[in-house]
Amino acid sequence: MPAAIPKPIRDFFAHRGWKPFAFQKEVWDAYRRGESGLIHAATGTGKTYAAWLGPVIEWMQGDGEANPPLRVLWITPLRALVADTENALQLPLTELNIPWRLESRTGDTKASIKAKQQKRLPTALVTTPESLALFLTREDAPELFRDLRLIIVDEWHELLGSKRGVQTELELARLRKWSPQARTWGLSATLGNMTTAMATLLGAGAPQGRLVRGVVPKTVLIDALLPAEMERFPWAGHLGVNMLPQVLTAIEEGQTTLVFTNTRSQTEIWYQAILEARPEWAGQIAVHHGSLERKIRDFVEDGLRAGSLRCVVCTSSLDLGVDFTPVDRVLQIGSPKGVARLLQRAGRSGHRPGVPSRVTCVPTHAFELVEVAAVRDAVKAGSIESRYPVERPLDLLSQWVVNIAIGGGFEADELLAEIRSTNSYKDITEAEWHWVLDFVTRGGEALRAYPEFHRVTQRDGRYLVEDRMVRRRHLLSIGTIVSDASMDVRYLTGGRLGSVEESFIARLRPGDAFHFAGKALEFVRVREMTAWVKKTKASDGIIPRWDGSRMPLSSELAAAVRNRLDEARNHIFRGPEMQSVRPVLETQAETSMIPAREQFLIERVRTSEGHHLFFYPFEGRLVHEGLEALMAWRISRLKPITFSMSCNDYGFELLAPDPAPIERAIEHGLLSPAGLVDDIPASLNAAEMARRQFREIARVAGLTFNGYPGQNKSVRQLQASSGLLFDVFTRYDSGNLLLNQAHREVLERQLERSRLGQTLERLSSSKIEIVDLKRPSPLCFPLLVDRTRNRISSEKLADRVRRMRARAEA
Amino acid sequence: MTFTLQGESLTLFPERGVYWPKTQTLLVADTHWGKAATMRAAAIPVPGGTTADDLSRLSRLLDRTRARRLVLLGDVIHARQGRAPQTLAAVAEWRSHHHTLDILMIRGNHDRGAGDPPDELNIRCCNAPVVEPPFVFQHFPTESPEGYTLAGHTHPAVRLHGKGRQRATLPCFLFTPRVGVLPAFGSMTGAAIVYPRSEDQVFAIAEGEVVAVGRDLN
Chain B
1 MPAAIPKPIR DFFAHRGWKP FAFQKEVWDA YRRGESGLIH AATGTGKTYA AWLGPVIEWM
61 QGDGEANPPL RVLWITPLRA LVADTENALQ LPLTELNIPW RLESRTGDTK ASIKAKQQKR
121 LPTALVTTPE SLALFLTRED APELFRDLRL IIVDEWHELL GSKRGVQTEL ELARLRKWSP
181 QARTWGLSAT LGNMTTAMAT LLGAGAPQGR LVRGVVPKTV LIDALLPAEM ERFPWAGHLG
241 VNMLPQVLTA IEEGQTTLVF TNTRSQTEIW YQAILEARPE WAGQIAVHHG SLERKIRDFV
301 EDGLRAGSLR CVVCTSSLDL GVDFTPVDRV LQIGSPKGVA RLLQRAGRSG HRPGVPSRVT
361 CVPTHAFELV EVAAVRDAVK AGSIESRYPV ERPLDLLSQW VVNIAIGGGF EADELLAEIR
421 STNSYKDITE AEWHWVLDFV TRGGEALRAY PEFHRVTQRD GRYLVEDRMV RRRHLLSIGT
481 IVSDASMDVR YLTGGRLGSV EESFIARLRP GDAFHFAGKA LEFVRVREMT AWVKKTKASD
541 GIIPRWDGSR MPLSSELAAA VRNRLDEARN HIFRGPEMQS VRPVLETQAE TSMIPAREQF
601 LIERVRTSEG HHLFFYPFEG RLVHEGLEAL MAWRISRLKP ITFSMSCNDY GFELLAPDPA
661 PIERAIEHGL LSPAGLVDDI PASLNAAEMA RRQFREIARV AGLTFNGYPG QNKSVRQLQA
721 SSGLLFDVFT RYDSGNLLLN QAHREVLERQ LERSRLGQTL ERLSSSKIEI VDLKRPSPLC
781 FPLLVDRTRN RISSEKLADR VRRMRARAEA
Chain E
811 MTFTLQGESL TLFPERGVYW PKTQTLLVAD THWGKAATMR AAAIPVPGGT TADDLSRLSR
871 LLDRTRARRL VLLGDVIHAR QGRAPQTLAA VAEWRSHHHT LDILMIRGNH DRGAGDPPDE
931 LNIRCCNAPV VEPPFVFQHF PTESPEGYTL AGHTHPAVRL HGKGRQRATL PCFLFTPRVG
991 VLPAFGSMTG AAIVYPRSED QVFAIAEGEV VAVGRDLN
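Those protein sequences? They're chains B and E, same order as listed.
Residue 532 in this note's numbering sits at position 532 of the first sequence; the count goes up by one each step and never skips.
Residue 938 in this note's numbering sits at position 128 of the second sequence; the count goes up by one each step and never skips.
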């Protein structure tokens, strides 16, 4: 029997012309009964109040205590969302005259509020996983969280599948131990594996939670801007702005348009292009991405809310968060990459009643039109991507153990039990646990000979951090997000614009112009890890590139693409996008072939650069990265040869100075799933993939760190690149489990091992078609011009070097 | 790899040293002894053995060249915290195997903070420049009116490009018209990519071989 909703709550909804949704009532009732669970729905559909009003109603109907201690903890993945969340939560408190203190706690929190929180916490606290981790290092933390009733994890889908998600799991385990009465509710976008998502949130051994589906999403319209002339359309122009005229028209049609791109560089490029074409829009268009200064982003977001902006060019930085109601048009530049992602972006528009969400895709090369048709198929079929939680990362556990040691210390068995109550570490072995303990106390097996080494110390069975420097460095480098060394960008006059990667600044010379934050800037000098700039009138500046991980095509979308190609092979071109891309596909059929579902196409061509082989599994770039290394490795066993490799979402290329024995390799089991256990690690080593993965691990485990603010000099002595550390560990401490983890992560996360295996199964039972090209085919063209490459060689390095030349100074 | 510089015959070794036969002198730069120890002192768990391995590589070079004198071109000890007992013991042990060797050290920027090696190692320390015509030994690779500079400091590496879009980044010896720079000897060191001009000579170190690249290559 559901409980009655208090009248003030009903009034609160009625004043807005709303009625509580059935799913909201379901959550309030479940909360009252002491249940935990997960709510999934698109953004802007009332998930916030479903979670937030449960404890509010409880307070209204219960004690009514004047100034309750901390009862609700709200964890959000993005600092940028904190202020908006606070506003949304404050609204019913103010209107219902509920005397709760509601505050936030992040790196941006003012010192005066921090001081107040030092004495007494508010009744509800909004924070991020990183800030919460710091909070948990307080010795009085168990006392502070004693009366906690509800922990809400917002945007759980964003955390799940990353080490930040695991960090959140560990925090939840600790909070539940202190406050067993606390319930956990997660808010998430809809994923393909909601049950796993909920089980991960609630922890191992927790009672079955309640999975609540929010409002069923309204219809989403997906269409595309079609290029006027297909011949002039670039095949590989992922930076091309050829579609600019159509984009301008689309912007003119709407009131407020969000233009989503896939990378931060693209936002800068498109912003410049739009402004150049429509100088009169200056002041009405803006750029928004994660590397911009907070103040600049706030300004843009406020403009969106107020409806004073015509267009904002942005990245995933605007995927999440509260609604910008005035937005009535969403453009997606470049590949949609995934079904859920495109739906999320579409959901940013059409928040007015009766208005459908609509997203218009802007292809940057012809094949993206196939993806648009395919994504519509996938939405219709309801194939939404899953996100898989990360299993027991030991780098993160090392960080966590130091964190707990700082916060009053721990006893080993007790902490192990707590850690095992998370889903991520439920299967951690005694051996792994002892390795982590040994690693944080004595530095592990390899440091046995160095008794003076200590990070965490052991006293009377308790593990503690006594060294103040260790404590300080840990607190400064906490967190699991890995970023390259980045430099602040500031005007000489003082204003901060944001940050770019150091490697980009290193390429600039004083006087060079570049575009950043939508502005043309002249680079003046670097001092104290800051790039000082001034405004310039130069229009031909370069655009920074950020090395963020490039998102792969999801397997759901990849499968839908293969289906559409199979149709095209049979001359079926359904819909305007397929009609538009038809000439390109027909060119593909003429110069080479369109592979059928059960065929595996390999193209071969010789150019002045050497001998190229192109393989097309259509499985997304992560799987291709693993496959290209494996194929190159297997071929290189047959003769000394050096490959450089590149891949995209459709296929990959192996390029060698000499012809590769591909037919012989196929006879020798090039595609065979047999021997994978040995061949995959060997090929990954050859391509140095584990070495690269070690970068993140080294930072999380506290082996490398970015330094103290303003203390760069003293830290420089401690700097060693993670690649160097990887080599040192491999040589002197090969049993180090962090090395092991680097290999595991490459296999499982980076390469999506299960997908790699499934792909090989599929390919080995496919009919292999090798086509010798007379001229490049449309499919191979983007790979042919790609400049970012991996390498695998079975030749002696010195022999290779004799054939190479140093590139003279440009 | 032997080549002639300023009329003097020099031998470049892939172990990252230069031998000058006429004066029976072996030159190495940027040894950064005790770098791992420095990190351990800051509670960063880096395994030991790097300095000891570097020293045995140095021994190999001394044995092969039969050098009577070793010149260290600066940044010898990484940092004050790197003067750990194990590190200094390893250096002392190494020294005892080469007790007749004359060792001259030119101080570099790291040495200011780290201090000179202990007296019992019997290493003569001096400030740059040390002039031995036609060469000038110093830590910083700057031109000198007194001769051709041989120096370290920058840890040079060269990026090579080849057919089939091949690429490799390798530590190198870089000889410009007035200054020669040695690769960093210490294995715990990073490298900075240099972009040679057409008048420069570059020798890359490729897994145990020194290979001429740049001007000498075709």
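Derived by calculation from the structure, the hints in this document are not laboratory data.
Each residue gets a CB set at the ideal place from its N, CA and C atoms; glycine is no exception.
Any given hint might turn out to be false.
What the hints assert, rightly or not - Across the chosen pairs, the derived CB separations fall in these ranges:
| hint | chain 1 | residue 1 | chain 2 | residue 2 | range |
| --- | --- | --- | --- | --- | --- |
| 1 | B | Asp302 | E | Arg1007 | 28 to 36 Å |
| 2 | B | Val677 | E | Glu930 | 36 to 44 Å |
| 3 | B | Leu492 | E | Arg1007 | 25 to 33 Å |
| 4 | B | Glu748 | E | Val941 | 44 to 52 Å |
| 5 | B | Leu475 | E | Arg1007 | 41 to 49 Å |
| 6 | B | Ala282 | E | Glu956 | 56 to 64 Å |
| 7 | B | Asp438 | E | Arg969 | 34 to 42 Å |
| 8 | B | Leu492 | E | Gly923 | 41 to 49 Å |
| 9 | E | Pro895 | B | Leu475 | 54 to 62 Å |
| 10 | E | Arg1007 | B | Ala115 | 56 to 64 Å |
| 11 | B | Asp438 | E | Gly923 | 44 to 52 Å |
| 12 | E | Glu956 | B | Asp799 | 55 to 63 Å |
| 13 | B | Asp799 | E | His909 | 56 to 64 Å |
Going down the list of hints, with the structure as the test:
{"no.": "1", "hint": "B:Asp302 x E:Arg1007: 28 to 36 Å", "verdict": "violated, 52 Å"}
{"no.": "2", "hint": "B:Val677 x E:Glu930: 36 to 44 Å", "verdict": "violated, 54 Å"}
{"no.": "3", "hint": "B:Leu492 x E:Arg1007: 25 to 33 Å", "verdict": "holds, 32 Å"}
{"no.": "4", "hint": "B:Glu748 x E:Val941: 44 to 52 Å", "verdict": "violated, 60 Å"}
{"no.": "5", "hint": "B:Leu475 x E:Arg1007: 41 to 49 Å", "verdict": "holds, 47 Å"}
{"no.": "6", "hint": "B:Ala282 x E:Glu956: 56 to 64 Å", "verdict": "holds, 59 Å"}
{"no.": "7", "hint": "B:Asp438 x E:Arg969: 34 to 42 Å", "verdict": "holds, 40 Å"}
{"no.": "8", "hint": "B:Leu492 x E:Gly923: 41 to 49 Å", "verdict": "violated, 32 Å"}
{"no.": "9", "hint": "E:Pro895 x B:Leu475: 54 to 62 Å", "verdict": "violated, 30 Å"}
{"no.": "10", "hint": "E:Arg1007 x B:Ala115: 56 to 64 Å", "verdict": "holds, 59 Å"}
{"no.": "11", "hint": "B:Asp438 x E:Gly923: 44 to 52 Å", "verdict": "violated, 32 Å"}
{"no.": "12", "hint": "E:Glu956 x B:Asp799: 55 to 63 Å", "verdict": "violated, 41 Å"}
{"no.": "13", "hint": "B:Asp799 x E:His909: 56 to 64 Å", "verdict": "violated, 41 Å"}
The earlier numbered hints that this structure contradicts are 1, 2, 4, 8, 9, 11, 12 and 13.
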